[in-house]
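Student: Sequences are here, hints too, so could you generate the full structure?
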Amino acid sequence: MNVLSVKDLHVKINESHILHGVSFEIPTHSVTALLGRNGVGKSTTLKAIMGLYPSQGVIELNGASIAGKLTYKIAQDGIAYVPEDREIFSSLTVKENLTLATRDDKDVARQELVQALFPELTTRAAQRAGTLSGGQQQMVAIARALVNKNEIILIDEPTKGLAPKLVTEVADALGRVAGETTMLLVEQNLPLVKRIAQHVIVMDQGRVVFQGGPEHLHDPEWVHTMLGVSGGHK
Amino acid sequence: MDTFLLIGITGIGLGALYFLVASGLSLIYGLMGVLNFAHGSFLTVGAFVGLWFSSQVMHVSNTWTFIGAMVLGGLAAGLFALLVERIVISRLYERHIDQALVTVGIALVVGAVLAGWFGNDLRLLPTPAWFINTVSIGSAHIPVDRFLYIGVAIILLLANTALLRFSRIGLVIRAGVENRQMVAALGINVRLAFSTVFFLGGFAAGVGGVLVSAYSNGVSPLIAGSYLIYGFIVVVIGGMGSVPGSFLAAMIIGVIKQYANYYSPGLGDFVVVFLLAGVLLLRPQGLLGKVKS
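If you read the protein sequences in the order shown, they are chains G and D. Each residue of the first sequence is one higher than the last, beginning at 1 in my numbering. Each residue of the second sequence is one higher than the last, beginning at 1 in my numbering.
Keep in mind that the hints are not guaranteed to be accurate.
Cut-off 27 Å, straight-line C-alpha distance, at most; resulting in silico cross-link-like pairs (DSS-like, lysine-lysine) [stated by the list, open to error]: (1) G:Lys160 <-> D:Lys290; (2) D:Lys290 <-> G:Lys95; (3) G:Lys160 <-> G:Lys194; (4) G:Lys160 <-> G:Lys12; (5) G:Lys149 <-> G:Lys7; (6) G:Lys149 <-> G:Lys160.
Covered by chain D, according to a simulated footprint, are these stretches of chain G (three or more residues, beta-carbon under 8 Å) [to be verified]: (7) 74 to 85; (8) 92 to 104.
Quick list of simulated restraints, FRET-style, between CB atoms [to be verified]: (9) G:Gln56 <-> D:Gly105: 30 to 40 Å; (10) G:Asp77 <-> D:Leu280: 41 to 51 Å; (11) D:Phe166 <-> G:Arg176: 30 to 40 Å; (12) D:Met58 <-> G:Thr131: 45 to 55 Å; (13) G:Ser23 <-> D:Gly105: 39 to 49 Å; (14) G:Arg176 <-> D:Arg91: 37 to 47 Å; (15) G:Lys7 <-> D:Gly116: 56 to 66 Å.
The set of hints was computed from the structure by calculation and includes no laboratory data. Don't be surprised by glycine CBs; every beta carbon is placed ideally from N, CA and C.
Tutor: Below, the structure written as structure tokens:
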């Protein structure tokens, strides 16, 4: 059973053709990593799914079309989005950030899950989010996606720009979240991808060029060819 | 010293009127990026509805009539602002040049319709008898209406602050000022917040219209002109999207303008423009505005 289906997705921004018929499916209760070099259209794909960019093509959530819907309705349908660079509300407190994101404040189980995953956010509830460290801000961004029961979470480069210690913290949190929800993860950090992903999609120049299992990530030659980086040895 | 005090409090009273115009402008630009040149017409609509209520409905010039004129003027202007947002501006988000052209057009049309209907002459707004009284502070005799303007501005500032701080819609508005795309990505219909902001901005401008009419001794379709310009200056100096910033800037501008005009007649406008240039050069985000990432 697939949660999300994307078929022949095209995105054009200011006459630039960014996505050229992207197609993939995301199975339920899995973590799928969307990989590729910088600028191949990974973030654009997530934004197009969220309705943040105009697109053409089929986007289905549990078999129902969400293409062309307004962003807030797509989110209400059950797609959570953790953007690149976090985009937390820096002038609001940690608690206000989470309150704003909460659609059902009677869902105590979700709130307890967030508290269990990120206990530090509870102690910093009254702190302005803009004064948090990068790793703490990333935790707020992920927590905002987890306070609701969603069908799938789209996460865009959650470890980008973080110090190694914070990368480990965020990776641990994602590892625990992975068992709770379906996730489409854009990530350059291959050790993290190998640790939590069950499926891998590779994009190049606005197209999907590979879909399969994560076992290829252990092949240095494959990694170098597909992603242009070293790192397949681990 | 008495003259100094009199001019100071009169300046704060004038600043209160600027704040009533600027608070809505600030939120509307801060949240939606809409440069709303039709905001002056909200003030004019509020003033004319207040005049209609005071002179045609009540026939008695007392305190309750004036309060009713302010509330009705505010509500009418708020509803007019809501209609403008729903029918026209909601189709033009992200199209800034079109917004400017259309809102200028709305201001011209409203002005022309009211001028055709009522003429451009000032029509006296009935005010309570105590408006001509003065309060003695030391040996300075300060017109009592100035305290009313200041009081209404403070009440609206506190109400606005309470709404923004303690309500769900206020939380959405504050978040939307920072990043409205992300608010939508959290599943929130940010356009409801847009409409609320337009209504609140229109309401404040409408109340301001009635008070400006009392300050100017009458209502006319031309009444909003200089107040709209000063409203924009207040918003820029206070910081886009910051209502407390608008309050602070309005008070500073009102006081400085009055002192400048007293000590060198006609200098007030120049000093305010000089202040505007200084803020733009030294602190482009305004006194209490935030730098957008």
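Student: Evaluate each hint against the coordinates.
Tutor: How the hints compare with the structure:
| no. | hint | result |
| --- | --- | --- |
| 1 | G:Lys160 <-> D:Lys290 | holds, 25 Å |
| 2 | D:Lys290 <-> G:Lys95 | holds, 21 Å |
| 3 | G:Lys160 <-> G:Lys194 | holds, 17 Å |
| 4 | G:Lys160 <-> G:Lys12 | holds, 26 Å |
| 5 | G:Lys149 <-> G:Lys7 | holds, 25 Å |
| 6 | G:Lys149 <-> G:Lys160 | holds, 26 Å |
| 7 | 74 to 85 | holds (count 4) |
| 8 | 92 to 104 | holds (count 6) |
| 9 | G:Gln56 <-> D:Gly105: 30 to 40 Å | holds, 34 Å |
| 10 | G:Asp77 <-> D:Leu280: 41 to 51 Å | holds, 44 Å |
| 11 | D:Phe166 <-> G:Arg176: 30 to 40 Å | holds, 34 Å |
| 12 | D:Met58 <-> G:Thr131: 45 to 55 Å | holds, 53 Å |
| 13 | G:Ser23 <-> D:Gly105: 39 to 49 Å | holds, 46 Å |
| 14 | G:Arg176 <-> D:Arg91: 37 to 47 Å | holds, 45 Å |
| 15 | G:Lys7 <-> D:Gly116: 56 to 66 Å | holds, 58 Å |
In the structure shown, no violation is registered for any of the earlier numbered hints.
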